[in-house]
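Engineer: Next come the chains, spelled out residue by residue.
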Amino acid sequence: MDIAISGMGVVSTAGYELEDFWNYLYGGNISYGVVDEFNNPNYRVHIGAVIKDNMWRENLTDCENVFEYGRASQYAASAVLRAFVDANLDRMSLKDTRIALCIGTTMGEVDYEENISELLVKDDANDLPDIKKMAYRYSSDNIAEGICDMLGIRANYYMIPAACSGGNYAIALGEKLLRANKADIVIAGGVDVFSRVAFTGFHRLLTLSPDYCRPFDKKRRGLVIGEGCGFVVMEEKEQAKKRTDIHGCLLGAGVKSDRYHMVSPHPDGDGAYRAMKEAIQTAQIGKDDIDYISAHGTGTSSNDRIEAHVLQQLFGEENIPPTSSIKSMLGHSMGAASILECIASLLMMEKKIMLPTVNLIEKDECVTFNCVPNTPQKNKMSYVMSNSFAFGGQVGSIILKGK
Amino acid sequence: MYLNIDNVICITSSECYVGKEKSGDHACVIDESYYIYYQGENKSRHFDRISKILLTGMSKLCDKYNLNMEKLKTAGIYLGTQYSSCNSIHTFDSKALNDSPLSVNPIHFPDTVINSPASQLSIEYKMENENFTISNGLNASLDAIGIAYESILSKATEIAIAGGVDEWGKIQSYGTQCKKEVAEAVGLVLLEEVKQDEARQKSYIQIISYVSENVKKDCILSADIISEVLRKQIEENLKDYEQKIEIFVSSLLDETDEKHLFEEAVKKSGFDIELHFNNKIYFGATGVVEVDKIYKKSKLDCSFQILLNLNKSILSCLIISRNPPVS
Chain G
1 MDIAISGMGV VSTAGYELED FWNYLYGGNI SYGVVDEFNN PNYRVHIGAV
51 IKDNMWRENL TDCENVFEYG RASQYAASAV LRAFVDANLD RMSLKDTRIA
101 LCIGTTMGEV DYEENISELL VKDDANDLPD IKKMAYRYSS DNIAEGICDM
151 LGIRANYYMI PAACSGGNYA IALGEKLLRA NKADIVIAGG VDVFSRVAFT
201 GFHRLLTLSP DYCRPFDKKR RGLVIGEGCG FVVMEEKEQA KKRTDIHGCL
251 LGAGVKSDRY HMVSPHPDGD GAYRAMKEAI QTAQIGKDDI DYISAHGTGT
301 SSNDRIEAHV LQQLFGEENI PPTSSIKSML GHSMGAASIL ECIASLLMME
351 KKIMLPTVNL IEKDECVTFN CVPNTPQKNK MSYVMSNSFA FGGQVGSIIL
401 KGK
Chain B
1001 MYLNIDNVIC ITSSECYVGK EKSGDHACVI DESYYIYYQG ENKSRHFDRI
1051 SKILLTGMSK LCDKYNLNME KLKTAGIYLG TQYSSCNSIH TFDSKALNDS
1101 PLSVNPIHFP DTVINSPASQ LSIEYKMENE NFTISNGLNA SLDAIGIAYE
1151 SILSKATEIA IAGGVDEWGK IQSYGTQCKK EVAEAVGLVL LEEVKQDEAR
1201 QKSYIQIISY VSENVKKDCI LSADIISEVL RKQIEENLKD YEQKIEIFVS
1251 SLLDETDEKH LFEEAVKKSG FDIELHFNNK IYFGATGVVE VDKIYKKSKL
1301 DCSFQILLNL NKSILSCLII SRNPPVS
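Chains G and B, in that order, give the protein sequences. Reading the first sequence from the start, the letters are residues 1 to 403 in my numbering. Reading the second sequence from the start, the letters are residues 1001 to 1327 in my numbering.
Isolated chain G, as found in the complex (with noise of 0.2 Å):
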């Protein structure tokens, strides 16, 4: 079965329509900046990538029960309901069709954690009814059930939290799925909110940059926390071509475990690789074949170093393709980031285009390859790897097809 992706949907800090995400990202723009929640002494770092605004639940308008769950949800709705409209499909007719939900995530609804924590030392008793609102719509299965109530769609869903790499492992699964004709539509993607308990805690490990996500730079001091949400639709080739244009194919996908440290990634990139090999390896292609790759590249020292060491060791040092990190724009939008790589690099493909590295000033010494710097570069882009490292040692890599 060639699995295809027919539809695109986004909801991140570049943007809300696949154009206009497109369009920001090509700019070498930055989507981050100060966020005024963590001005203050308690942080050295003050930097984040928040959505400002609230225009993206604009397409939720005629959803019922929009505002019954929280904004994870709200954000997973409104992009599903985008990949949708993409993918020229009418959710009031999908009433025999076999659908299923494949979603990523870091830590869930962790903002109503975060209001109920705030509400409890308070310590008010009126805020109870409140309270108990929220810590019932907190477990992430509530996410994939809210998709199907404010969308109206009767779907059957996988929640996957596997953290940065939540989005690899849906679409990982969205795979599996098909190929066992338990659906006939995935809708994979992953999402995550800007979130205190990963500012902070990624504050306290000493790797937030206090100012630009820099990529394979010499003088990368860290990564940028971010947010966003994206979702593509999987289905049959030939059944997506009748009614739509596609953007791509899904030809394989590798997901592993560092089986190493909660927080560092194996000193040899072990998990990696083994996930880009299986990838290629299911992919049936060569890994000459591989244009471009969307790296993890989250600008932290230790990520970076790693990665480049496991794509000399997988390519040699001389025959890496050209590597691109979009987390130098978007920040690290965390369970939704693999995603909207994967989103970006099906653009790219489109369009011909690799999208830039951007802040980078000095290549590292380990970076022996072209990491695309600060300005976009034509390339022939028929196949490209797009990887992800998260936390816990959940790896991921996929091969995606130009159409």
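Since the hints were derived computationally from the structure, they do not count as laboratory data. All of these numbers come straight from a predicted model, not from anything done at the bench. We put the CB at the ideal spot given by N, CA and C, even for glycine. Incorrect hints may have been included.
[Unchecked claim] The calculated lysine-lysine pairs, modelled on DSS-like cross-linking and capped at a C-alpha distance of 30 Å, are: (1) G:182 with B:1216; (2) B:1179 with G:122; (3) G:182 with B:1170; (4) G:95 with B:1267; (5) G:133 with B:1180; (6) B:1293 with B:1267; (7) G:403 with G:219; (8) G:95 with B:1216; (9) G:122 with B:1216; (10) B:1293 with G:287; (11) B:1216 with G:277; (12) G:133 with G:182; (13) B:1217 with G:133.
[Unchecked claim] Examples of chain B residues lying across from chain G (beta carbon under 10 Å, computed): (14) 1024; (15) 1046; (16) 1104; (17) 1172; (18) 1173; (19) 1214; (20) 1275.
Following the hints, complete the assembly by docking chain B onto the known chain G.
Structural biologist: Frame of chain G; chain B shown alone:
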């Protein structure tokens, strides 16, 4: 479906522990003595409570069945959980709010990702294959077993560790609307492909099928759709057999509503099937606890067991059998 038609996918080992001590507010919790001594290979590593409970469960599974530790390294992990590391997230966040963000211990931050317990499992046991946390509410561990089964069928992995874990806490106590008794639990099973003869000799539990469907119609749970799911699963998988079938139902519904819904569904399906209703909920670990109960029974009255978990609009259905008759 199988590489070799003489092979079947079975649960060959099962370990489960449920909370028995009633906590102040409603739930039965797992006593400290179960997990307090778990230290792991590297004694300096930090584990939060839910990870300790899970790792203790895994340790007991390995010891009890003398599992091949080298082979285990290649196993896929499929862990179901409704709340996962919720308590760790809440503790971390509360500390930051009550004291200051500068006072939180960075060592506790990795506990705050939902995939943390499953990740700890892969690190401790050096398990290098795919590692899925499935956070599907009450259905989580049944879905985890189902996905593990599909993964072995598709050759993504040869063996799988599947199951679930959930703990009680403040957020859970505010958020649980279920009137049934609730308890913490951990349960893990080993799934692998074995020869039919061996499965029979050793009375392994064979997985016959797994499916998961949205059973709401016009925003209401539909007995019609549930009956269709049942009818299709029985006709596709059990039609050659005239053996007794039993259904085990777990849901968050009120007992009366639950009974009414499923009795109506079974009646509409046209089959004569005995229904059992689970009056105790173990959050995301509910399914694996039910599987373990069946696994531990030395003798079963019927040949096929259909486990149904209903979480909000999703019905997950796992059909298993200890000694399916030869067709």
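Engineer: If a hint holds in the structure, say so; if it doesn't, say that too.
Structural biologist: Here's how the hints hold up against the structure:
no.: 1; hint: G:182 with B:1216; in the structure: 18 Å, holds
no.: 2; hint: B:1179 with G:122; in the structure: 28 Å, holds
no.: 3; hint: G:182 with B:1170; in the structure: 37 Å, violated
no.: 4; hint: G:95 with B:1267; in the structure: 24 Å, holds
no.: 5; hint: G:133 with B:1180; in the structure: 19 Å, holds
no.: 6; hint: B:1293 with B:1267; in the structure: 26 Å, holds
no.: 7; hint: G:403 with G:219; in the structure: 38 Å, violated
no.: 8; hint: G:95 with B:1216; in the structure: 11 Å, holds
no.: 9; hint: G:122 with B:1216; in the structure: 39 Å, violated
no.: 10; hint: B:1293 with G:287; in the structure: 48 Å, violated
no.: 11; hint: B:1216 with G:277; in the structure: 41 Å, violated
no.: 12; hint: G:133 with G:182; in the structure: 34 Å, violated
no.: 13; hint: B:1217 with G:133; in the structure: 24 Å, holds
no.: 14; hint: 1024; in the structure: 17 Å, violated
no.: 15; hint: 1046; in the structure: 9 Å, holds
no.: 16; hint: 1104; in the structure: 6 Å, holds
no.: 17; hint: 1172; in the structure: 8 Å, holds
no.: 18; hint: 1173; in the structure: 8 Å, holds
no.: 19; hint: 1214; in the structure: 5 Å, holds
no.: 20; hint: 1275; in the structure: 23 Å, violated
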